[in-house]
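Chains as they are written, first to last, in numbering that gives the first Met the number 0: chain A, 0 to 365; chain F, 0 to 340; chain U, 0 to 228.
It should be emphasised that the hints constitute simulated quantities derived from the structure, not laboratory data. It is possible that part of the hints are untrue.
[What the hints assert, rightly or not] To spell it out: a stretch of chain U is covered by chain A in this simulated footprint if at least three of its residues, at any positions, have a beta carbon under 8 Å from a beta carbon of chain A; those stretches are:
(1) 51-65
(2) 118-132
(3) 172-186
(4) 217-226
Computed from a predicted model, the values in this text were never measured in an experiment. Don't be surprised by glycine CBs; every beta carbon is placed ideally from N, CA and C.
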Amino acid sequence: MFDTNELVLNMGPQHPSTHGVLRVVLRLDGEKVVDADVVIGYLHRGIEKLSENRNWTQIILLTDRMDYVAAATSNVGYCETVEKLMSLEVPRRARYVRTILCELQRIASHCLWLGTHAMDIGAMTVFLYAFRERELILDLFEEFCGARLTYNSMRIGGLPLDIPPGWDQKVLEFCKIMDGKLGEYEELLTHNRIWLDRTKGIGVLPASEAIALGLSGPPLRGSGVGRDVRKDEPYAAYDEMEFDVPIGTAGDTYDRYLVRLEEFRQSLRIIRQATEGLPEGPIVGKVPRLIKPPAGETYHAIESPKGELGYFIVSDGKSTNPYRFRVRPPSFCNLQGLRRLVRGHLVADVVALIGSLDVVLGEVDR
Amino acid sequence: MVDNLIIPLLKIVIVLNATLVAVTYMVLLERKVIAWAQSRLGPMRVGPYGILQPIADAVKLMIKEDITPTRADKWVFTAAPIIAMVPALIVYAVIPFGPEVSLFGRKITLYITDVNVGLLYVVSVTSVGVYGIILAGYASNSKYPLLASLRASAQLISYEVAVTLTLVSVILVAGSLSMVDIVRAQEHWHVWFAFIQPLAFGIFFIGGLAETNRAPFDLPEAEQELTGGFHTEYSGMRFALFFLAEYANMIVVSSVATTLFLGGWLRPFPNVAALGFLDPIPSWTWFLIKSFVFLYVFIWIRATLPRYRYDQLMRLGWKVLIPLAIANLVVTGIVKVVLAT
Amino acid sequence: MADDSTNPREPSDLPTPPDQVAAPKPAAKPAAPAEHPPKAAAPGGPPDPPPPADRTPPAFIGSLQSAIPGAVAQISYWVGDWTIIVPAAKILEVARHLRDAPDAAFDMCSNVTATDWPPRAERFDLIYCLYSTRHRHRVRVKAKVAENQPIASVTPVWPAANWLEREVFDMFGVNFTGHPDRRRILMPEDWQGYPQRKDYPLEGPGELLMENPLDWLKLKQARDEADIE
Chain A
0 MFDTNELVLN MGPQHPSTHG VLRVVLRLDG EKVVDADVVI GYLHRGIEKL
50 SENRNWTQII LLTDRMDYVA AATSNVGYCE TVEKLMSLEV PRRARYVRTI
100 LCELQRIASH CLWLGTHAMD IGAMTVFLYA FRERELILDL FEEFCGARLT
150 YNSMRIGGLP LDIPPGWDQK VLEFCKIMDG KLGEYEELLT HNRIWLDRTK
200 GIGVLPASEA IALGLSGPPL RGSGVGRDVR KDEPYAAYDE MEFDVPIGTA
250 GDTYDRYLVR LEEFRQSLRI IRQATEGLPE GPIVGKVPRL IKPPAGETYH
300 AIESPKGELG YFIVSDGKST NPYRFRVRPP SFCNLQGLRR LVRGHLVADV
350 VALIGSLDVV LGEVDR
Chain F
0 MVDNLIIPLL KIVIVLNATL VAVTYMVLLE RKVIAWAQSR LGPMRVGPYG
50 ILQPIADAVK LMIKEDITPT RADKWVFTAA PIIAMVPALI VYAVIPFGPE
100 VSLFGRKITL YITDVNVGLL YVVSVTSVGV YGIILAGYAS NSKYPLLASL
150 RASAQLISYE VAVTLTLVSV ILVAGSLSMV DIVRAQEHWH VWFAFIQPLA
200 FGIFFIGGLA ETNRAPFDLP EAEQELTGGF HTEYSGMRFA LFFLAEYANM
250 IVVSSVATTL FLGGWLRPFP NVAALGFLDP IPSWTWFLIK SFVFLYVFIW
300 IRATLPRYRY DQLMRLGWKV LIPLAIANLV VTGIVKVVLA T
Chain U
0 MADDSTNPRE PSDLPTPPDQ VAAPKPAAKP AAPAEHPPKA AAPGGPPDPP
50 PPADRTPPAF IGSLQSAIPG AVAQISYWVG DWTIIVPAAK ILEVARHLRD
100 APDAAFDMCS NVTATDWPPR AERFDLIYCL YSTRHRHRVR VKAKVAENQP
150 IASVTPVWPA ANWLEREVFD MFGVNFTGHP DRRRILMPED WQGYPQRKDY
200 PLEGPGELLM ENPLDWLKLK QARDEADIE
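Same shape as in the complex, but just chain A (with noise of 0.2 Å):
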């Protein structure tokens, strides 16, 4: 009787609240989404194609501005991936130091991942709470190397610089406050109604649809698979650490909220675990002074705060850029998995589910 058309609505890529550039065209019918089509993109600077053109300590500037909210694990990722194609062995000292930076930069995605996703679903408190802690944690950072967000802070083969004197104290103090600030967080979403209401049930992804779609990360472990790189191929000082994995069991929004909300605890165990057993030694490996990796290609991968982070990088052996890089960025895999999260849900879940994902554009779209 009624022809009823379907309204197509244009989300972004200027819009309050995705994150970033990005752009969702949605195809309504009423409230509920019949389709979605994720346009990316409109970030993309070239940093692959650049990184050809740079030697190999230049590219770690790169990698910063990819996923710029945890820019020290891309920065630990591209270093171990070239120190595994030139058999490097890395000493203790500065695997530890990058487990702890590491973990802090998890901690400090995850503030800033709590703060929008309750902000969007308009929990605006929590928003100035998480960012009140991520201050923190850039402190931290800034008194280590100098810079709030974009780090640069590991060198093949180490560290630049060895942790200024008393900063690990400050780390364990920083760990004892962060204690306290969870409870608050979860006072205020954990339990309440209205985040419940808005968060159960939205979005669910089975763990067979979930691997198949490539997803890593906190959205995979929600969807009930017991995957994290640090566990199953461990790098850095991980091995040595002791910690549990959350995992999730309905693989809906709430579900992903808990794993990363449960991913900060075990953040901190692990830092408490690494600077308390901070051992002494040098902060660089043996390493040559030009680097230059003998021919060959390899992928590694290590657990960002978004996912699995890979880098497959091809190397020559005669100049001192790399042949490719490649980037495997967690954050473009897992939205891939947006368009089937968000059928058949209303509009104002696009915003929850966009969230829950936790994408940074800048690894989107490199």
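Using the hints, position chains F and U against chain A.
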């Protein structure tokens, strides 16, 4: 002549001005309270502790460029904010700030008028405000405002049913539709209606949040989801009117709640002589204090709770609040009949 | 900020001062140390070294070879990674086998990418990085593709490959048949050229380097009008 014309005119002028000033300072109050809840300070630069911030906001909005979208319906586009704002202001005609007092040798009532169907007047006038939102979305000729105004109108209409049913319970208890009589009934019963009708109070409060598009029911203007909702295309003075209309509605809901449930202008425990030292405090001060508490709770809730999704909002209104309101009404009626025999 | 005027390339107490004097442009490499040859021939291909004698290939490679004869053209091992080189025509079969065979069980496609080796006839090296959540092992599958040679898309096997292959198409121009969504992903839809090929300039196509951006606008306008006519 003086009694019939000058005094009501004076009252209107005073009430309107006070309301408009209150509305503009509500903006500052909200920003400050939310900031303090978020470990921030809020506006601090304009004037000491940011006191002059609303004046800065008003001046900014007034001197902004007047943009009308090309294919928007010009007259409706301009009329919509006015339709949203005016009903909030004219409700004040029946809200009693205090009883009769002697001033300059005359007996003056601290309310503009006392219509014997005052509550009906309030309900019907606030319903007209919904038109402003609907017309804003329609006249903007753009998808986001259209979606938002459709949502807003559905939300407002649903919650009005629940709210009106609770008001009927209050009428049953008070025995009259006149606002002044309702306050006098609370005086007579020596107890605020919030204690006799707690469920009605709760439903009225939640419905009031929904009626004024406040969190957690602020989906029609949810910035994160609809980029501004029904007032996306508005800027400058028209946007200012919408903005102020929302706060004016909030103050209206607070005032009505104070009158109906919190005893209006009565001091706490008017029948207890031991608290007689509170008598010198003028009655309208009590009214203002109670309204202010209400407004503070509104703002507090906005700072704390996430936002309901649209279908959950509608489900709450229709499946939870309306049945509860009806049940409340039935029980009130039964109790009243039983007590009368 | 204060140090910008001084020599920014001063080697500090960094343990491995990189060769920063060499400007990062492909053309000039002044003051480069002697071991760096002038930019003569581009490398002809990845070394793909065979596994050393003391390393046996994992069992699933053997079962792949027996299940699909001719599938495995070469096995390579380097710094702990196993790579199987597969002829391009058999990629879909191999993918299916690797996903479904119980000893392989590669249910997650981590990465699909390509490398451009221009001197070679089959210039693109398509690389599929696979991971098994069950057995927790990895493998890389490589296929060599020529410039206009189509290759089957593995999206039916792993939906994760959807965007990854779109990016390979966008950046290298590899033709994936059977892909559900053949559009560019990172570059604008109407972009000409494949940016990450080795013969594509880093600065982009020449017209964008015009001195005066207004010239480019006029050129674009003229082109649009020509299109309309």
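How about the stretch 51-65 of chain U: do at least three of its residues have a C-beta closer than 8 Å to a C-beta of chain A? It is violated: at least three residues are needed, and the stretch 51-65 of chain U offers just 0 whose Cβ sits closer than 8 Å to chain A.
How does the coverage statement for the stretch 118-132 of chain U fare against chain A, requiring three or more residues with Cβ below 8 Å from a Cβ of that chain? As far as the stretch 118-132 of chain U goes, the hint holds, because 3 residues have Cβ atoms under 8 Å from chain A.
According to a criterion of three or more residues whose C-beta lies within less than 8 Å of a C-beta of chain A, is the stretch 172-186 of chain U covered? With 4 residues close enough to chain A, the hint holds.
When I compare C-beta atoms, does the stretch 217-226 of chain U have three or more residues closer than 8 Å to chain A? violated (count 0)
Checked against the numbered hints given earlier, this structure breaks hints 1 and 4; the rest are met.
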